[in-house]
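Undergrad: Put chain B on the given structure of chain A with help from the hints.
Number of protein chains: 2
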Amino acid sequence: MFEARVFVTLKKAILDPQGKAVKSGLLALGYDRVEDVRVGKYLMLTLRTTDRLEAEKEVREMCDRLLANPVIEDYTFELREVAP
Amino acid sequence: MFEARVFVTLKKAILDPQGKAVKSGLLALGYDRVEDVRVGKYLMLTLRTTDRLEAEKEVREMCDRLLANPVIEDYTFELREVAP
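Chains as they are written, first to last, in our numbering: chain A, 1 to 84; chain B, 1 to 84.
Worth flagging that the hints you see were computed from the coordinates, not collected in a lab. Everything numeric in this text was worked out from a predicted model, so none of it was measured. Watch out, some of these pointers could steer you wrong.
Heads up, simulated EDC-like pairs for lysine to aspartate or glutamate below, C-alpha to C-alpha not over 16 Å straight-line [said to hold, decoys possible]: (1) B:41 to A:73; (2) B:23 to A:73; (3) A:41 to B:74; (4) A:23 to B:3; (5) B:41 to B:64; (6) B:11 to B:56; (7) A:41 to A:16; (8) B:23 to A:32; (9) A:20 to A:32; (10) A:57 to B:32; (11) A:41 to B:64; (12) A:41 to B:32.
A few chain A residues that face chain B, going by a derived Cβ cut-off under 10 Å, partial list only [to be verified]: (13) 20; (14) 22; (15) 31; (16) 37; (17) 39; (18) 42; (19) 49; (20) 52; (21) 61.
Derived Cβ-Cβ restraints for the label pairs, each shown as a range [what the hints assert, rightly or not]: (22) A:76 to B:83: 11 to 21 Å; (23) A:27 to B:80: 31 to 41 Å; (24) B:48 to A:81: 34 to 44 Å; (25) A:29 to B:1: 15 to 25 Å; (26) B:54 to A:49: 34 to 44 Å.
Note that beta-carbon positions come from the ideal geometry of N, C-alpha and C, so glycine has one too.
Isolated chain A (complex conformation) (with noise of 0.2 Å):
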């Protein structure tokens, strides 16, 4: 079995205005280190497949087609083989 942990976050020159909402509210409560806050999705695949070659395309494959916007979104993801 794989464990495929995606990333899926906004492209950089898109607004976020989720980031900048999380930001105020850190601020509010006196976190004024923070320079910068942007927010994305994190989703978690449990696959059947001892494959890491083919894991890896379907992964590539179901990010493009479903788990993020090619428009606005970028995506990154890490595998790792795990007990069934």
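TA: Frame of chain A; chain B shown alone:
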């Protein structure tokens, strides 16, 4: 400067409707090796400090007070030093 990558996920016992929806979407696209999907929040914080211990303490506090709901969510985070 430090960058914190914060991962906020629903506790295992909590139903994850978003995860269920993404899973059925992936199965409908033919990715039938997908066993499970969990969806969470991913936050990238940039902190104006050069003190790792201070950064760690503040990120933990921010998670406890604002970024994660302790009743239904767990969080983990990673810290790395970045150029100013």
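Undergrad: Run every hint past the structure and note whether it holds.
TA: Cross-check of the supplied hints:
| no. | hint | in the structure |
| --- | --- | --- |
| 1 | B:41 to A:73 | 15 Å, holds |
| 2 | B:23 to A:73 | 20 Å, violated |
| 3 | A:41 to B:74 | 15 Å, holds |
| 4 | A:23 to B:3 | 14 Å, holds |
| 5 | B:41 to B:64 | 15 Å, holds |
| 6 | B:11 to B:56 | 22 Å, violated |
| 7 | A:41 to A:16 | 13 Å, holds |
| 8 | B:23 to A:32 | 39 Å, violated |
| 9 | A:20 to A:32 | 14 Å, holds |
| 10 | A:57 to B:32 | 14 Å, holds |
| 11 | A:41 to B:64 | 19 Å, violated |
| 12 | A:41 to B:32 | 22 Å, violated |
| 13 | 20 | 13 Å, violated |
| 14 | 22 | 7 Å, holds |
| 15 | 31 | 6 Å, holds |
| 16 | 37 | 6 Å, holds |
| 17 | 39 | 5 Å, holds |
| 18 | 42 | 4 Å, holds |
| 19 | 49 | 5 Å, holds |
| 20 | 52 | 13 Å, violated |
| 21 | 61 | 8 Å, holds |
| 22 | A:76 to B:83: 11 to 21 Å | 20 Å, holds |
| 23 | A:27 to B:80: 31 to 41 Å | 22 Å, violated |
| 24 | B:48 to A:81: 34 to 44 Å | 38 Å, holds |
| 25 | A:29 to B:1: 15 to 25 Å | 20 Å, holds |
| 26 | B:54 to A:49: 34 to 44 Å | 43 Å, holds |
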